[in-house]
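*Asks:* Between the sequences and the hints, there should be enough to build the whole structure, so can you do that?
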Amino acid sequence: MTFNIYDFTSFNRWIDEGLNSIMSPTWALITEMAIIGIVFLLFYAVVGLFLVYAERKVCAFMQNRVGPNRVGPYGIFQTIADFIKLLMKELVYIKDSDKLLFNLAPFIVIIASFMALSAVPFAKGLHAIDFDIGILYVIAVSSLGVVGILLAGWSSNNKYSLIGAMRSGAQIVSYELSVGLSLLTIIVLAGTMQFSEIVEMQRNGWFIFKGHIPAVIAFIVFLIASTAETNRGPFDLAEAESELTAGFHTEYSGIKFAFFFLAEYMNMFLVASIGATVFWGGWMPFHVSGWAGFNTIMDYIPPFVWYIGKTAFIIWLMMLFKWTFPRLRIDQLLTLEWKYLLPINLVNILFMAFLVLMHWHF
Amino acid sequence: MKEIVNLPVSKIEEEEYHINMGPQHPSTHGVLRLLVSLQGEMVKSLKPHCGYIHRGIEKMCEKDTYPQVIHLTDRMDYLSAHINNHAVCLLVEKALEIEVPERVKYIRTIMDELTRIQSHQLWWSSFGMDLGGLTCFFYGLRDREMILDIWEETTGSRFLQSYNCPGGVMQDIHPNFQKKVHAFIKTFKKKIKDYDRLLSGNVIFENRSQGVGLLSKEDAISYGVTGPSGRGSGWSCDIRKVEPYSMYSQVHFNEVLRYECDTYARYMVRMQEMHESMNIIEQLIDNIPEGDHSAKMKAVIKLPAGEYFQRVESARGELGVYVVSDGNKTPYRMKFRTPSFTNLGVLDHISRGMKIADLVAIGASLDLVIPDIDR
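As given, the protein sequences belong to chains A and B, one line each in that order. Each residue of the first sequence is one higher than the one before, counting from -9 in the working numbering. Each residue of the second sequence is one higher than the one before, counting from 20 in the working numbering.
Heads up, a few of these hints could be off.
[To be verified] Quick list of the computed label-pair ranges, beta carbon to beta carbon: (1) 328/A x 61/B: 14 to 24 Å; (2) 230/B x 101/A: 35 to 45 Å; (3) 51/A x 343/B: 54 to 64 Å; (4) 35/B x 206/A: 42 to 52 Å; (5) 51/A x 61/B: 30 to 40 Å; (6) 35/B x 88/A: 15 to 25 Å.
[Claimed, not checked] Mimicking SDA-like on lysine to any residue, the simulated pairs with C-alpha atoms at most 20 Å apart in a straight line are: (7) 149/A x 41/B; (8) 75/A x 28/A; (9) 199/B x 178/B; (10) 149/A x 124/B; (11) 198/B x 171/B; (12) 149/A x 52/B; (13) 210/B x 314/A.
[To be verified] Derived list of chain B stretches under chain A, where covered just means 3 residues or more per stretch with a C-beta under 8 Å from a C-beta of chain A: (14) 144 to 154; (15) 202 to 214; (16) 219 to 227.
Just so you know, these hints were derived from the structure itself, not from any lab. Cβ coordinates follow ideal geometry from the N, Cα and C atoms, glycine included.
*Replies:* Put into structure tokens, the structure is as follows:
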């Protein structure tokens, strides 16, 4: 076995060959799928719990508080305790609710974020699937989540939930455009939609440096639009607690609420991952072309650490937004998208195309 | 001044989309119920339903002696507890024609202004929270804590002090009082800049509040919207200026007026009022004269038969106390004209045609305290 923290390709091959030598290829494939599924579930749970903890600590830092500090050292087990509490809570049956859709909605939301996560490259050779249309796949799959939110709002037989769901629908459908277009700007530069290739192309400089001005504009637009797409403050209109109590998940309790809760944080993790991969090079270390010594030192830091660091930075930015800004109104939200972000984006793509055509990028 | 046109009253139809905001709702800050009829996100009309926290304070007053009544007034507008007490005390003193010592006037005025500041701090906190800026809540409460500490030391209570009594105040101020008030003002003058940075200058906040909930001066007068809400419409209605009591005739301060008539104007009036209150306190705090903390009062206070009225400027507007006495030690009838109740009346008028999110902002800008509405 050749386990290498800098390259997981040989490790994967070792598992694959090992499984194939003890069982038929079909069963080996099924076993591999099961292993990946379990690993992803564990990863999902751990990241979700950690993000909730991180959010509470960042929020506390912003608000002159200490944050969770009782359960375990620095309160790190607080979210686990919370999760156990949520698991044990009663699932309240809502009168006159559409039972099938009501129960189905949290799963759709969570499955959407789960599926999108599978395309993210965590390190070299460490990704579940590597589509040649990876970005298209992520955009398509992550937008499925809105179906779950709409169903949740519709089926709970609650007027607040319905308003929240409608807001969420309008919001996500609008901002999906900006997310897609800002990623498209980078695709113009990269010339590929495959995540592994996009990362590989950033070996001698991340796209945000390579594409300079249009890439920075695209990143800012992406950050705003993805914050809106994940229904996070200042764009958390779907669950605006001062207006709609809790929006689309008002009527959910116990584990079903936990699903929405977890999915929200995982969506944040997902968009931060995509942002980090497409704009900041994903797991690719920071390289400056020509500085061989510097690049070698940077290469000693494992790719997974690079990836987590960049993702954490973007998540941190999104958390700062949430705890600083007041919430927008629904018409202002849509104005921002359709009158500002979308035209900026379209012009930006042209600008980028021109840049690529003239070879003005690095 | 620009022309303001509010949408006309529409008939409430059966097919309308009604939602009940409250009695349990995060943005009504208590048990107020607003029956809102919507058209999409737009508010077509709303009906406030009061009474969920009605405790019959006015009726209870008829059974209580005047010193006891003071403790009930705390529970009306709990954020202006001291000012409510002050109103009843002024009324009793006026009826009995008692001249209170100078020291009492100073202490009462300083306490009034501290009350106003902490009320506005809490309002700012919850206003930010209503607009979705949750961090505001903690900033406001952090600074409010200093005032509560000052009160705790002097009055023995942090929230509902019942510090006033007819003829004076319950006990003399604590030796640390002046020092602590100075420390508070020094700190808060720095902190209030953070408030502006966090909310006032924020572009999202400006978009959310400017041009929202327009209340013309004429409407403010005809609906009786007093206090900072009325002054945001350019109506000069500060009782401290119109009919000065205690030390207000002898201190220099500006009546804050804004003419934009919107939520932003009401917001800015309160922000400015905090500065003015600090200004008033600074003028008084070092000059508190020596003397008794209370005038000599009879053991049993009986008001001569007749009708009495006293009004003061509470943190929310004009608080009127009306008493009919038949010469007994308890009032025959006691009526409070509370600012929150009158200000609530205009909510339907100014939020018509606005979005739900605006309704929350408008409600917050009127600074309603629900126990003050229901009494």
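*Asks:* All the hints need checking, so say for each whether the structure fits it.
*Replies:* Here is how each hint holds up against the structure:
no. : hint                      : result
1   : 328/A x 61/B: 14 to 24 Å  : 19 Å, holds
2   : 230/B x 101/A: 35 to 45 Å : 43 Å, holds
3   : 51/A x 343/B: 54 to 64 Å  : 57 Å, holds
4   : 35/B x 206/A: 42 to 52 Å  : 48 Å, holds
5   : 51/A x 61/B: 30 to 40 Å   : 38 Å, holds
6   : 35/B x 88/A: 15 to 25 Å   : 23 Å, holds
7   : 149/A x 41/B              : 13 Å, holds
8   : 75/A x 28/A               : 23 Å, violated
9   : 199/B x 178/B             : 17 Å, holds
10  : 149/A x 124/B             : 53 Å, violated
11  : 198/B x 171/B             : 14 Å, holds
12  : 149/A x 52/B              : 16 Å, holds
13  : 210/B x 314/A             : 16 Å, holds
14  : 144 to 154                : holds (count 8)
15  : 202 to 214                : violated (count 0)
16  : 219 to 227                : holds (count 5)
When each numbered hint is compared with the structure, violations occur for hints 8, 10 and 15.
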